[in-house]
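Participant: Residue strings, one per chain:
Number of protein chains: 2
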Amino acid sequence: MEILKQRILKDGKGIGTSILKVDSFLNHQIDIDLMEKLGQEFYEHFKGKKVTKILTIEASGIAIAAFVAKAFNVPLVFAKKVVSKNLEGEILTSSVQSYTKGLIYLINVSKKFITEGDNVLLIDDFLANGSALLGLADIVKQGGAHLVGAGIAIEKSFQPGRQRANDMGIDVYSLACIESIDDNNIKFKEY
Amino acid sequence: MEILKQRILKDGKGIGTSILKVDSFLNHQIDIDLMEKLGQEFYEHFKGKKVTKILTIEASGIAIAAFVAKAFNVPLVFAKKVVSKNLEGEILTSSVQSYTKGLIYLINVSKKFITEGDNVLLIDDFLANGSALLGLADIVKQGGAHLVGAGIAIEKSFQPGRQRANDMGIDVYSLACIESIDDNNIKFKEY
Numbered sequence: 001m002e003i004l005k006q007r008i009l010k011d012g013k014g015i016g017t018s019i020l021k022v023d024s025f026l027n028h029q030i031d032i033d034l035m036e037k038l039g040q041e042f043y044e045h046f047k048g049k050k051v052t053k054i055l056t057i058e059a060s061g062i063a064i065a066a067f068v069a070k071a072f073n074v075p076l077v078f079a080k081k082v083v084s085k086n087l088e089g090e091i092l093t094s095s096v097q098s099y100t101k102g103l104i105y106l107i108n109v110s111k112k113f114i115t116e117g118d119n120v121l122l123i124d125d126f127l128a129n130g131s132a133l134l135g136l137a138d139i140v141k142q143g144g145a146h147l148v149g150a151g152i153a154i155e156k157s158f159q160p161g162r163q164r165a166n167d168m169g170i171d172v173y174s175l176a177c178i179e180s181i182d183d184n185n186i187k188f189k190e191y
Numbered sequence: 001m002e003i004l005k006q007r008i009l010k011d012g013k014g015i016g017t018s019i020l021k022v023d024s025f026l027n028h029q030i031d032i033d034l035m036e037k038l039g040q041e042f043y044e045h046f047k048g049k050k051v052t053k054i055l056t057i058e059a060s061g062i063a064i065a066a067f068v069a070k071a072f073n074v075p076l077v078f079a080k081k082v083v084s085k086n087l088e089g090e091i092l093t094s095s096v097q098s099y100t101k102g103l104i105y106l107i108n109v110s111k112k113f114i115t116e117g118d119n120v121l122l123i124d125d126f127l128a129n130g131s132a133l134l135g136l137a138d139i140v141k142q143g144g145a146h147l148v149g150a151g152i153a154i155e156k157s158f159q160p161g162r163q164r165a166n167d168m169g170i171d172v173y174s175l176a177c178i179e180s181i182d183d184n185n186i187k188f189k190e191y
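Residue numbers (the numbering used here), protein chains in the order written: chain G, 1 to 191; chain A, 1 to 191.
Simulated from the structure, these hints should not be mistaken for lab results.
One or more of the hints may lead you astray.
No more than 20 Å apart at the CA atoms, straight line, and that leaves these computed lysine to any residue pairs for SDA-like [to be verified]:
#1 A:Lys50 / A:Ile170
#2 A:Lys112 / G:Ile15
#3 G:Lys81 / A:Lys101
Interface residues of chain A toward chain G, partial, derived using beta-carbon atoms under 8 Å [claimed, not checked]:
#4 Asp23
#5 Ile32
#6 Pro75
All C-beta atoms in this analysis are idealised placements derived from N, C-alpha and C, irrespective of residue type, glycine included.
For reference, chain G alone in the conformation it holds in the complex (with noise of 0.2 Å):
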């Protein structure tokens, strides 16, 4: 997506190989007419498929989310990181290991939201290694709904997460595919 890609280049900052700082407008202050249009795009791909939920993780997926299901006119569900006092019932839960945070944490989702015949459409902002990925479609699995596919705004292509999400049969959609971080070089890759 060209307006994502421009974006990165012009306000996101490559730290040497691995990490892309974008908190300007994605992941910590919000561009949230670039969120519409992400949830628009999303929408265009996705459309065909009956998606009923949208699922994501707290916290910075939700607002990309949030868009996305004004585009379904369809129900956002977001996994907890932390079971509170609010989350009790039956909880459908899967570990993610985050290599940013360096912790390895549960997330969590009300039996009650994802359920049979629900057809489900995964957001995050970044796919690096795939855990978050991968664990929200364990969540999928074990509440015995369909899972559609997953929306990426930021692919870090040269992480494993899209290969371990392809070889689960997901099919990923994202927006800017990263293919090198050198710095401030950034290179993408188109699939």
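On the provided structure of chain G, position chain A as indicated by the hints.
Facilitator: Chain A in isolation, oriented as in the chain G frame:
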């Protein structure tokens, strides 16, 4: 806001005298159409205030705040609860006590995104003890920005958050104020 109150009565679940579960439409599964209406309502209330930024806190404030930001056509910033490798540079930080989760955590905002000249509107899904709201207000102050006010979806008026915010001079606008919860006997308060 009548539509929100009716939805609370229809789909909310009171537990004991202090917990209100609204996870089917507000803070786990999210009704996007409702979020848009909340966003529009906050816009109508604060539109004369020259708002330049919407500030919320991850995670459950983000979906509402995204539609407030859309209505104002300004960026959304969300405070992060964990300092990750991707959040470096100068950081505004404050501490927040979560009664729901039984812990104290730090909230963090990059100094780049809340600055002098900003007119900041705080948005959150709940106001209970007010700790999150006061933490966000503290961050606005640290950044040298002007605090316009706070838009809250659901206020638990029987808890001290509203009073604490008023004591700080914060203009709080809550769309549904809960006077009392007694299991599923939920009473609203009018200011």
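Participant: Determine for every hint whether it applies to the structure shown.
Facilitator: The hints, checked one at a time:
1. Restraint check: the Cα-Cα separation between lysine 50 of chain A and isoleucine 170 of chain A comes to about 16 Å, which is no more than 20 Å; the hinted pair holds.
2. For the given pair, lysine 112 of chain A sits about 18 Å from isoleucine 15 of chain G by alpha-carbon distance, which is consistent with the 20 Å threshold.
3. Proposed proximity of lysine 81 of chain G and lysine 101 of chain A is supported: the alpha carbons are some 12 Å apart, at most 20 Å.
4. Residue-level restraint check for aspartate 23 of chain A holds (minimum Cβ-Cβ distance to chain G is 6 Å; threshold 8 Å).
5. For the restraint placing isoleucine 32 of chain A at the interface with chain G, the shortest Cβ-Cβ distance is roughly 5 Å, inside the 8 Å limit, so the hint holds.
6. A hinted interface residue such as proline 75 of chain A counts as satisfied when its beta carbon comes closer than 8 Å to some beta carbon of chain G; here the least separation is about 5 Å, so the hint holds.
In this structure, every one of the numbered hints holds.
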